[in-house]
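Trainee: Each chain, written out:
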Amino acid sequence: MTDRGDPLNVEHTSDVEHINSARAGSGAPVLEVRDLSKAYRRRPILRGVSLTVQPGEAVAVIGGNGAGKSTFLGCLTGERLPDSGTVRIAGADPFADLTAVAAALGSVPEHPFLYGELTVAETLRFITEARRLDRAASLEESGRLLGIFGLEGAEGLPCRELSQGMGRKVAVVAALLHNPRLLVLDEVFNGLDRASSASLIRELDHRRSRGCAVLLSSHDFTMLAEWCGRGLLLTRDSWKELEGDAWQAWARSPSLAG
Amino acid sequence: MVADLLWLARLDRARLGGQLRVPSLTLLVATILPVVIIISALWSFGRIADPATLGAGPALGMLVAGPVSFLAYGVLMRGGDDLFLRQLGVHPGSIFLYRAFRLLGLAIAIGVAVLIPFVAGGVAPGRPALAGFPVAIFSAAIAALSFGLAAGATSSASPPRWMGMGMWDRELAAAAPLVYAPLVPFLAGSLLGWLLGAGIAVTATTLVTFLLALVSLMVGVRVFASAAPGFVPRAREMTYVPAPEGQGEGFSVGKGISGLLPRGSAAVWARDATVVGRRFTWASRVTWPVAIASFAILARWGTDPSGRSWVIAAVGVALLVQSAAVIGIGGVERKGVRWLDRSVGLRERERFLGRWVGAFELSLWLLLPVALAWNWWSGQAGAWLWPLAGAVTAFSASALSILSAGRFR
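Protein sequence lines, in the order shown, are assigned to chains U and S. The first sequence begins at 1 in my numbering and counts up by one. The second sequence begins at 1 in my numbering and counts up by one.
If you're looking for bench data, these hints aren't it; they were derived computationally from the structure. Hints should not be assumed to be uniformly reliable.
Quick look at which bits of chain U chain S covers, simulated, 3 or more residues with Cβ under 8 angstroms [unchecked claim]:
# : stretch
1 : 77 to 85
2 : 92 to 106
3 : 128 to 142
Just a sample of chain S residues kept apart from chain U, beta carbon distances all over 12 angstroms, derived [to be verified]:
# : residue
4 : V112
5 : A124
6 : A270
In silico SDA-like cross-links for lysine to any residue, where the CA-CA straight-line distance does not exceed 20 angstroms [stated by the list, open to error]:
#  : chain 1 : residue 1 : chain 2 : residue 2
7  : S       : K335      : U       : E161
8  : S       : K335      : S       : K255
9  : S       : K335      : S       : R15
10 : S       : K255      : S       : L403
11 : U       : K240      : U       : D35
12 : S       : K335      : U       : R80
13 : S       : K255      : U       : R131
14 : S       : K255      : U       : R135
15 : U       : K240      : U       : G211
16 : S       : K335      : U       : R132
17 : S       : K255      : U       : T86
18 : S       : K255      : S       : V219
19 : S       : K255      : U       : A136
20 : S       : K255      : U       : D134
21 : S       : K335      : U       : R160
22 : S       : K255      : S       : L368
23 : S       : K335      : U       : E110
24 : U       : K240      : U       : A39
25 : S       : K335      : U       : Q164
26 : S       : K255      : S       : S284
27 : S       : K255      : U       : L133
28 : S       : K335      : U       : A136
29 : S       : K335      : U       : H111
Even for Gly, the Cβ is constructed at its ideal location relative to N, Cα and C.
Hey, can you work out the whole structure from these sequences and the hints?
Mentor: Set out below in structure tokens:
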């Protein structure tokens, strides 16, 4: 019997496999990273990481605590400045062309702080205005997304009164509102209940089928193995891209050793 | 208890040492800058006005007791680490006594600050000091007693309902003892200032004052310690504010000057206005009393230099308070929400423009009435300088706010 609330029993498994298998050669890459390096106070965290992501792909970013997952994702979204290397999102440099990158990218950081004084509705209204989205369409889409994540009726709540999981869901809605081409989600399943995780997986499937690529970090290796098509394994002193047979082998017995 | 106090002092020293070793912009903006501004404002006030008119009586008492009473709640009750310290086994009485000592230190600093205009104006500070310091110490001790009793009343099974009469909000009515607690040290300090200023048995009054202060402090600590188990969790709940009415009607884009802004900056303007209105309510609340008082003083004493000096000083302080709120948004952003503006593609110049226009508009509610009154009744030229001062202050505050939020890169 299928548990509809279990994120691991994804209903669209065949779609996911189809999307994962249809990865290569489907147009210009939505993300290109070349030789990305980053150190904190001379302590190297990222050493020349390279990665290319095509539209519709789901790539797992795997690593233990302190391996550099959030640093890597932060360098993509422009929250952290790399020491060397290049990043291109839909062809644009996140450190030079903020507008183009913001239009193509939706991101949820590991700690998605929201303005506690604003209500959920006001937060989404702010996103709509700042992104210059069509107001009526954005209102309709935010209503749909809030409904999917079980947040209907929470529009009037100040963000400071949201639980950790609810706040994260609001941040996800904010990241999806403008139909991004690339989603960067850092530990986004933390604090979500099983039903919400399943809803998020379904929504991400839907987005991927329309060409949106997803870069996802999580400590839930089983979910990553089932849902993603390949991975980037970060360790304290190295990195490795897992695809094809290497990814299949990792997915059969996920570990931090790769 | 002594061991606890020493441990808390060492903890504070370590925290302060850490901040001073790596001084941040936040430290400069939130601590050092206001102190420098206040000292220079008091010095200027002493130079342009006649500080002798303050005398050493009730006015001086109110000047000292007012800030002590106003700051007492924050110093005594708003420790973010209360629960953590309790879990470590620190006695609540020790925590409260330590915070009372902090308030005492702050009160003495206020007593020193009040002497600055006298020194600047060439008036011997001896008499004001003899009144100011006892008032400062007495107000702080009475504040400890008053807030200790208020904590007990708030957390008791049957809080005094009569105190909440006339309060429209149920949560506010439940916290009525805390709402009224600052009145007690304010009135007590003002009364003492009057007694000392009048020169009635000064030595005896001072001795009795110190004795009363000691007893008040001890009783306040004792009452708070017994109330703490119920009060601390309740105080945390009280920090939640009720949800605003509606689902976003307060968030208005395109109103006022913001209608002229590009959409991204207008969004920043609307967001900042909402956050300032709800988080930094004191910034908007200070505007109307100062505007009304300045209008009235210019209408009555506009041709008198000391009247105009007062207006300049009061409006300057109000502008500083507004600036603190604008800079405070940057502090909020630095603590985490900055990612949101980055992710939606807002550039620094859009953020700055929205924030500056919002800050300028906030200042205009204060400055336009003052400029009109100045033009009509002061007999002086240069009314246009008021809105210009608002624009410049808003510009500086917005720049500091954006800087204190940190750069995106």
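Trainee: All hints, please: hold or fail.
Mentor: Taking the hints in turn, this is what the structure says about them:
{"no.": "1", "hint": "77 to 85", "in the structure": "holds (count 4)"}
{"no.": "2", "hint": "92 to 106", "in the structure": "holds (count 8)"}
{"no.": "3", "hint": "128 to 142", "in the structure": "holds (count 4)"}
{"no.": "4", "hint": "V112", "in the structure": "holds (36 angstroms)"}
{"no.": "5", "hint": "A124", "in the structure": "holds (49 angstroms)"}
{"no.": "6", "hint": "A270", "in the structure": "violated (7 angstroms)"}
{"no.": "7", "hint": "S:K335 to U:E161", "in the structure": "holds (17 angstroms)"}
{"no.": "8", "hint": "S:K335 to S:K255", "in the structure": "violated (29 angstroms)"}
{"no.": "9", "hint": "S:K335 to S:R15", "in the structure": "holds (18 angstroms)"}
{"no.": "10", "hint": "S:K255 to S:L403", "in the structure": "violated (27 angstroms)"}
{"no.": "11", "hint": "U:K240 to U:D35", "in the structure": "holds (13 angstroms)"}
{"no.": "12", "hint": "S:K335 to U:R80", "in the structure": "holds (16 angstroms)"}
{"no.": "13", "hint": "S:K255 to U:R131", "in the structure": "holds (19 angstroms)"}
{"no.": "14", "hint": "S:K255 to U:R135", "in the structure": "holds (16 angstroms)"}
{"no.": "15", "hint": "U:K240 to U:G211", "in the structure": "violated (25 angstroms)"}
{"no.": "16", "hint": "S:K335 to U:R132", "in the structure": "violated (26 angstroms)"}
{"no.": "17", "hint": "S:K255 to U:T86", "in the structure": "violated (42 angstroms)"}
{"no.": "18", "hint": "S:K255 to S:V219", "in the structure": "violated (53 angstroms)"}
{"no.": "19", "hint": "S:K255 to U:A136", "in the structure": "holds (19 angstroms)"}
{"no.": "20", "hint": "S:K255 to U:D134", "in the structure": "holds (19 angstroms)"}
{"no.": "21", "hint": "S:K335 to U:R160", "in the structure": "holds (14 angstroms)"}
{"no.": "22", "hint": "S:K255 to S:L368", "in the structure": "holds (18 angstroms)"}
{"no.": "23", "hint": "S:K335 to U:E110", "in the structure": "holds (14 angstroms)"}
{"no.": "24", "hint": "U:K240 to U:A39", "in the structure": "holds (18 angstroms)"}
{"no.": "25", "hint": "S:K335 to U:Q164", "in the structure": "holds (16 angstroms)"}
{"no.": "26", "hint": "S:K255 to S:S284", "in the structure": "holds (17 angstroms)"}
{"no.": "27", "hint": "S:K255 to U:L133", "in the structure": "holds (19 angstroms)"}
{"no.": "28", "hint": "S:K335 to U:A136", "in the structure": "violated (32 angstroms)"}
{"no.": "29", "hint": "S:K335 to U:H111", "in the structure": "holds (11 angstroms)"}
Comparing the model with each numbered hint stated earlier shows that hints 6, 8, 10, 15, 16, 17, 18 and 28 do not hold.
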